[in-house]
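I would like the entire structure built from these sequences, with the hints used as guidance.
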Amino acid sequence: MNAFIEHHKDSIRFGYRCFDRILLNGLIQPFQQPERVVGFFNAYREGKRVTKRTLTEIADQFQYWLKNRSEKWGAPILEPSDGTGDDSRRDKFMDPYFENAKPNQVVAILKAREPARILVAIGDRDNDSPHLEYKQRWVNQFNLTFYLNDPHWGRMFVRMCPYFPFSARVCLNQHNWLAIRMQEEGVDFQQCTNAFLKCGNPARLQELADSLATQDLSKCGQKWLAAFTPFITDKERRQAGCQHRLFFSQVEYCDNLIFHRRGAVDELTQRLLDLNRNIGEPKKITMIYGRKVTKQYKGKLQTVIEDLDLPNPVIRSHYGHGFAKQYVRDDRLLRTEPATNNVYDYGVNKDVENLPRLRDRMSEIIDNYHNYHNVQQDILETFVDRGQLRNRLRPSGKTVIPCSIR
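Position 230 of the sequence shown, counting from 1, maps to 954 under this note's numbering, and the rest follow consecutively.
Any given hint could be a false lead.
To be verified - Taking CB as the label site, the calculated pair distances span:
#1 R773 / N824: 45 to 51 Å
#2 W862 / F822: 16 to 22 Å
#3 G987 / E803: 43 to 49 Å
#4 R861 / V762: 19 to 25 Å
#5 E1030 / T917: 14 to 20 Å
#6 E931 / R861: 42 to 48 Å
#7 W862 / Q753: 20 to 26 Å
#8 R773 / E931: 51 to 57 Å
FYI, nobody ran anything at the bench for these hints, they're computed from the structure. The beta-carbon is built from N, C-alpha and C at its ideal position, and this holds for glycine as well.
Listed below in structure tokens is the structure:
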């Protein structure tokens, strides 16, 4: 327990830390070099030439498969009402489709035009030996997001590019994973979107949060990516290693302190806002993230206070490809949350095998954020909300003898 939490423990009902949103990139590594693609077709597809016609046929086959699966699953193919939009707006758009969703059910498929890295054959359509290279393109037939209810992860989505080499993204949320684990163990809790406001066994909640392992991510990701990549057979996955490998793309890790009273949260956060405005200075960023800011650093160093229609403003401190933010949500929950689009900023490699190291680093950042440069210590000394002043005004029953003046 850090000094900040220790000092305010009488005001805190309980607290826990866990990953929030985890976005994984999925790549089939044997398909990332054109020469290896040609080798795959030679070995497993009877030497078929990789031409414009071949790549078009693969994309068309995916669309035929998609239409068939959509009808079989009873999952409509939709377009978001606001065009592309971000994931938060898409999630709200999808809310009605998750009502009464069964385990392993794909509830809907959402189309959106987005850029993707695809294999392109350079040359005429009839050229049997075109030059192959990868290009970033806005795909014509839309990226496809499969929204589904996983038995272990609950609500999640898998985003697939329908073009070869079928790059993908998997979005998971540990709050959903924890809710299912606690239901299985009979732990009483109250969940409000991405937070637990009540828990009958906070110690067990934290144990479960810390137990999340690499295999929990990879098992879920591999299961659904195999299901949504019909071009590759099970034999090819086993023998040629043609399965998606998972890497961290965007990660959020949150510390959640649930207070007894809303008033205590308001007073504390106001003090935090007053004192943390200069948290974006290089020396303080170094102390928080444990990464030295040198002259070669080209990222953002900035502290921003934002009004996001939450009960209190959000203080956001930018560093590298991410930020750390602190805010109040759901009436009396104080959340401190580092988030990044590149875990290299934390000295962690992107492969999901590095999950334990990433959890430790992001937890260290939260501790440093709470206690950096004695700012939080200043709050420890100045934040009074436990009746100390009232007690000082009460009669002590003792005689006070004034000092004489000499």
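Between E1030 and T917, is the Cβ distance one that fits in 14 to 20 Å?
Distance hint for E1030, T917 holds at roughly 19 Å.
Range first: 51 to 57 Å. Now tell me if the beta carbons of R773 and E931 are that far apart.
55 Å, holds
Can you tell me whether the CB distance of E931 to R861 sits inside 42 to 48 Å?
At roughly 46 Å between Cβ atoms, R861 and E931 fall inside 42 to 48 Å, so the hint holds.
Are G987 and E803 spaced within 43 to 49 Å by their CB atoms?
This hint holds: roughly 46 Å between Cβ atoms.
Range hint compliance [Cβ, W862 to F822, 16 to 22 Å]
29 Å, violated
Honestly, do R861 and V762 meet the 19 to 25 Å range at C-beta?
21 Å, holds
Satisfaction of the hinted span 20 to 26 Å by the C-beta atoms belonging to W862 and Q753:
This hint holds: roughly 24 Å between Cβ atoms.
Are R773 and N824 spaced within 45 to 51 Å by their CB atoms?
48 Å, holds
Hint check: a violation occurs at hint 2 only; the rest are consistent with the structure.
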